[in-house]
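**Q** Given the sequences, and given the hints that come with them, work out the whole structure.
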Amino acid sequence: MLKRTWVKYRNLSKTARIKRGIALGLKGCISIICLVMAVVYGVKGDPYNRLFTCLIAGILLWVPIIVERLAKHRFSFTQHLAFIILLAGGAVAGSIFYLFYLTDWFDCFMHVLAGYVLMIFLLTLQCKKLNDAEDSGFKDKKSALSATLTMLLASLGTACLWELVEFIGDVFFGQTSQGVVPEEIRQMIADQGFTGIRARWEGIKYVSVLDSDLDMLCHAGGSILFCLHYLIHVFTKRNLGMGTLIKDIKGEEMNTAAA
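Here the sequence shown stands for residues 1 to 259, numbered as in the working numbering.
In case anyone wonders, no lab produced these hints; they're calculated from the structure.
Incorrect hints may have been included.
List time: in silico DSBU-like cross-link candidates among lysine-lysine, alpha-carbon distance up to 35 Å [stated by the list, open to error]:
no.: 1; residue 1: K250; residue 2: K141
no.: 2; residue 1: K237; residue 2: K142
no.: 3; residue 1: K14; residue 2: K72
no.: 4; residue 1: K237; residue 2: K19
no.: 5; residue 1: K205; residue 2: K72
no.: 6; residue 1: K205; residue 2: K141
no.: 7; residue 1: K237; residue 2: K141
**A** Rendered as structure tokens:
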């Protein structure tokens with residue numbers, strides 16, 4: 001990650017303030033939607049176990065802002081938009097508004113998108129190596145290949161981590177991220193006197209692993225697509241959109257002081 005001097009918001013350039021304002025505004029709007037839906041589900045008795053998702057989604061939206069303050073490194077405008085799209089599509093549209101359960105394709109689409117988008121953030125961690133490679137005119141192709149492999153492995157690791165988060169959410173908070181337990185199985189568990197976490201633990205044993213496998217496969221596909229996009233940019237020395245993305249990530253625009 002590039003070391004940057006932290007510039008206070010009021011001292012930022014006009015362009016930086018406008019773009020940051022747009023990002024913060026979008027996060028604020030989506031957070032309000034999450035809050036409203038939390039109230040709606042709460043009033044209805046949370047029949048679909050969406051209350052927890054509403055609250056978590058509203059909090060997760062602000063994680064990049066917290067990371068920026070701790071690391072004293074502002075993410076690029078593209079990275080903020082990518083994160084917003086990911087949360088708006090996955091957590092809000094997919095989970096809160098139940099689109100994952102109403103369609104057969106949206107879940108796979110979002111995991112492919114997540115696999116690609118996550119690489120945009122991992123690219124930040126490779127900025128120094130990318131600088132060295134580009135400064136040499138990509139003569140050292142091994143540097144680009146090394147950076148690509150590192151990002152891919154990190155991305156695949158996060159896919160596994162996300163499935164663990166879904167598993168924990170299902171067991172401890174009654175979510176249905178990894179699948180819905182059939183009604184007859186829930187009744188059987190209830191007849192055995194199991195309730196709460198123990199009942200959810202017993203129930204998840206009857207949930208197919210297909211959802212988790214497909215999620216990780218789709219995530220891997222998105223990440224591999226990003227790697228191919230990046231490597232084509234390196235070996236052909238053409239922009240192809242990737243050059244603009246790298247320039248945006250490495251640039252100082254979002255942390256540039258007003259003249």
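**Q** Can you list which hints this structure breaks, lowest number first?
**A** 5, 6
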